[in-house]
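One letter stands for each residue in the lines below.
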Amino acid sequence: MGTQLKKLLTAAVAAVPLLVGLGAVTAHADGEHFVFVSHAPDTDSWWNVIKNALKNAAADTKTTVDYRNPPTGDIADMARIIQQAAATNPDGIITTIADFDVLQSAIKDAIAKGIPVITVNSGTAEQSKQLGALMHIGQPEYDAGKGAGERAKAAGVTDFVCVNHYITNAASVERCQGYADGLGVPLGDHMVDSGQDPTGVYNKVKAYLTAHPGTNGILTLGPNAADPTIKLLRDTGETSKYNFITFDLSSDISQGIKDGIVESAIDQQPYLQGYLPVVLLTEYKRYGVLPANNINTGPGFVTKANIEMVEKLAGEYR
Amino acid sequence: MAENSTVVAAGRPADERLQKQSGLRKLLSRPELGAIAGTVLVFLFFGATAHGTGMFAADGIMNWITVTAQLTIIATGAALLMVGGEFDLSVGSMIGFAGMMIAIPTVYFGWPVWASVVFAFCGALLIGFLNGLIVVRTRLPSFIVTLASLYILRGMTIALSILFANRTIVSGVKNFAGDSIVVPLFSGKAFQGLFVWMANAGIIGKLPNGQPSVQGIPAVVIWAFVIALIGHIVLTRTRFGNWIFGAGGDANAARNVGVPVARVKITLFMVTAFCATVYATCQVMEFGSAAADRGVLKEFEAIIAAVIGGCLLTGGYGSVVGAFFGALIFGVVQMGILFTGAPNDWFQVFLGLMLLTAVLFNSYIRRRATGER
Amino acid sequence: MSEATNPSAATPLIEVRDLVKHFGPVVALNGVSMKVRPGEVLCLLGDNGAGKSTLIKTLSGVHKPTSGTFLVDGRPVSFSTPRDALDAGIATVYQDLAMVPLTSIARNFFMGREPMRGVGPFKFLDLAFAERVAREEMKKIGIDVRDPSQAVGTLSGGERQCVAIARAVYFGAKVLILDEPTSALGVAQTSMVLKYVHQVRARGLGVIFITHNVRHAYAVGNTFTVLNRGRTLGTYEKAAIGIEELQNLMAGDKELQLLSDDLGGMV
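Same order as they appear, the protein sequences are chains Z, F and V.
Here the first sequence is numbered in the numbering used here, starting from 39 and rising by one per residue.
Here the second sequence is numbered in the numbering used here, starting from 15 and rising by one per residue.
Here the third sequence is numbered in the numbering used here, starting from 19 and rising by one per residue.
In case anyone wonders, no lab produced these hints; they're calculated from the structure.
Idealized CB from N, CA, C, for every residue including glycine.
Hints may contain errors.
[Stated by the list, open to error] No more than 27 Å apart at the CA atoms, straight line, and that leaves these computed lysine-lysine pairs for DSSO-like:
#1 F:Lys203 x Z:Lys350
#2 Z:Lys167 x F:Lys220
#3 F:Lys203 x F:Lys220
#4 F:Lys203 x Z:Lys146
#5 Z:Lys350 x F:Lys220
#6 Z:Lys279 x Z:Lys296
#7 Z:Lys323 x F:Lys203
#8 Z:Lys89 x Z:Lys100
#9 Z:Lys89 x Z:Lys191
#10 F:Lys188 x Z:Lys350
#11 Z:Lys279 x Z:Lys244
#12 F:Lys220 x Z:Lys146
#13 Z:Lys100 x Z:Lys323
#14 F:Lys188 x Z:Lys323
#15 V:Lys256 x V:Lys192
#16 V:Lys141 x V:Lys256
#17 Z:Lys342 x Z:Lys269
#18 F:Lys188 x Z:Lys279
[To be verified] Chain V is nowhere near these chain F residues, computed Cβ spacing over 10 Å in every case:
#19 Ile247
#20 Gly255
#21 Asp264
#22 Ala267
#23 Ala268
#24 Leu326
[Said to hold, decoys possible] Derived coverage of chain F by chain V (criterion: at least 3 residues anywhere in the stretch with Cβ under 8 Å from a Cβ of chain V; other residues may be distant):
#25 90-96
#26 122-132
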């Protein structure tokens, strides 16, 4: 019993200063305090670029920025996090609109409390306006998908697969829909719910391509779907059979572009989605200045022509 | 033999184990005691670290109370089932599936929202019944059976939502619900007048537009309270409750004295499904949409809350009051870490450490109290 | 220890004749006959596999006999659940499976027959009554339970058996079937249980005492029925058989006798 108590106390004593220490460092620094709430589950590596942008922006503006997300990607949990953030009375909240219906009351409540809100990434400019946010910084998902679809059509694509690793996000389906519309082919069952696990993505795409030999276009919605698909094409040697367009960038995708496996990557330049709102909120808070319009950070297409510079920074700032 | 039998005469010194229980000790041996002690510890911790962050302002309090309430609803079901000797890992998937059972008929089939809600409850009870029936009939561990249900239900939620709606988020439930009684019943705010009064009296804060910073008690909190209360009374004060202890503590012994163990267990599986559906209904009515990824991993949160609350993983011991305090610990820790402003990357590490501390403390207290070895 | 009344006059509480039970191709009971009268302790003796468990489970309503006669109070019966047997006054106390260890003594005592108090749909457990009765009943047999709300797991094995027996008696059992009640107990605990069995018999209940310990059987039994390979090998009054003889019968014929000789009479 004595050792039990000792162990218990050791654990408690070890945990307490750790939490107190870290808590104090971030929450009570000088300058404005902002909270960035994303919808991404912990496993989504794409958000690393945004986290880096937040770090840079916080350092440049001498502010504090907390990054928050629902660990499992459950949007209902995200609404609670926004409510929690509002309760701490921050100088501003930056949030995605992953699901308008779910998040609207939490965001509106924060705004009613007098907290300035900028929306980024998921969601549309109209939704942002409807909520009463200052502005929206992002990439219109449907239009980006449509741009990719038109590009693929010009390259002669007639039949396609859309590899969706995040099917529970409404925006992801918008991307596939836009691509299908740009191509002029009904979406139908061309969308594969690949899940996030690399092995799962690999095998599901493999199964789809085997079952649909007429496929000549591939759209992946991010590195989680693209990286295993690139590996698959390398393994099967079908490196030039498909017109392969992906959303977003990673080091594998850059290499794929250089090797000609991936035709182009739709870059929504996430760095800007992290950096700009912090800077803009700071200036708004300090001097009351704000750009008049929403900001579209994408779509920009990264191809063989401009991959060199992008590649160096992929996964960190691009 | 004859000589020995004098030992057991009525005047024989009773076994010393029968004499130890003082009144205090009796109180200490209650399953929820450790969780209550853990709750105090957690509040002391956040009282020190999250002081002045808004965690204990009205809207901050309502934030973690709401999270606690949601968890209490499913933790009550999980606790009753665990006392009954079984697990249900399909609770999280059931939340997602029940949400779809409400949203799809309302939005795509044109059903009145109350009919969809009734349909969802019936569907959930049927699934709970099947879970229970399979466990009881096959005698497979419920861990395995409901793990299968976890995947089946989650998969069906995605497949059916794509099939009927061509998307995995079904929105607009509120537009179709109109002014149906179901909406305020599951997502309204109670005692609004009281909060306006409190804001005017300066007890709680006011928004710039003159509204109180908290408009009322969310319906989910009231549901949680009612469900936990009924769960507690059923477990401790009814015949069925006694059977739950029997079924979970030793199913054969209970069967031998005439307890319908199979019926008890099946009923409990239906109760967990019912609780998951209450959770889902509150969520759908509050947010106006159902999504295929709702409730992911909630089954573990429910089980963790029940375990922190003193339920034994082996069944036959536990309490609903304890599960409530377990949910409170989990809710307060989960949101409290965010209030302290700890870096996000470390969030789950902190969450795990705090829970481990709470559980260790809890089990230490319980061992001290019951003299368990 | 055998100062009992003359039991042979009364109608048997339970009587079975030529009981047969098949599990598919397996013949578990192949013609068992026995009876127990009020105020009588019938000891069922037999080695592992002799059919003792199947016989108990048939008597207590878990299994249905394939053929044979099963009389309770002289009337033929057919039980389909253990509950039917309980209602007919046949209570079975299993060695390990009598009590729910983590649950309180009072709750265990009334498990399956909870006392209720209240009006209409608002009926709740009468725990105060349950605790009082459990305490009183235990006191009657010399076990002082200070706190009936403490877990059964805190009791010793013998005390648990006694709680189970007291429960059966309290709920009006006419026949007690005790399945190896002493096999896992130490000497003092065993004598506690045997003493209580003796008390129960004195009250006029019939007891079927299953054991493979001949000493324990001989200490409390009036009548001994020996089973072997699903059959009754014979039934003997206490006066008609000695402990040695009983031991040999139960051990099954000559083999063990030979072994016993080889080992110099150690078995």
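**Prompt:** Are lysine 89 of chain Z and lysine 191 of chain Z close enough, with their CA atoms no more than 27 Å apart?
**Reply:** violated (35 Å)
**Message:** Please verify whether lysine 188 of chain F and lysine 323 of chain Z have alpha carbons no more than 27 Å apart.
**Reply:** This hinted pair is violated, its Cα atoms lying about 36 Å apart.
**Request:** Compare the distance between the alpha carbons of lysine 203 of chain F and lysine 220 of chain F with 27 Å, and conclude whether the hinted pair is satisfied.
**Result:** holds (17 Å)
**Asked** Is it true that the CA of lysine 350 of chain Z sits at most 27 Å from the CA of lysine 220 of chain F?
**Response** violated (51 Å)
**Prompt:** If you draw a straight line from the CA of lysine 279 of chain Z to the CA of lysine 244 of chain Z, is it 27 Å or shorter?
**Reply:** holds (14 Å)
**Message:** Confirm or reject: leucine 326 of chain F is not an interface residue toward chain V, with every Cβ-Cβ distance exceeding 10 Å.
**Reply:** violated (7 Å)
**Message:** How does the stretch 90-96 of chain F fare against chain V when you require at least three residues with a CB closer than 8 Å, holds or violated?
**Reply:** violated (count 0)
**Item:** Coverage claim, chain V over the stretch 122-132 of chain F, checked by counting residues with Cβ within 8 Å (three needed)
**Value:** violated (count 0)
**Prompt:** Are all C-beta atoms of chain V more than 10 Å from that of isoleucine 247 of chain F?
**Reply:** It is violated; isoleucine 247 of chain F is separated from chain V by about 8 Å at its closest Cβ, not greater than 10 Å.
**Asked** Given the hint that lysine 279 of chain Z pairs with lysine 296 of chain Z, does the C-alpha gap stay at or below 27 Å?
**Response** holds (16 Å)
**Asked** CA of lysine 203 of chain F to CA of lysine 146 of chain Z, is that 27 Å or under?
**Response** Judged against 27 Å, a Cα distance of about 17 Å means the pair holds.
**Prompt:** Would you say glycine 255 of chain F is clear of chain V, with no C-beta pair closer than or equal to 10 Å?
**Reply:** Given that some Cβ of chain V is not farther than 10 Å from that of glycine 255 of chain F, nearest at about 7 Å, it is violated.
Of the numbered hints stated above, those contradicted by the structure are hints 1, 5, 7, 9, 10, 14, 16, 18, 19, 20, 21, 22, 23, 24, 25 and 26, listed in ascending order.
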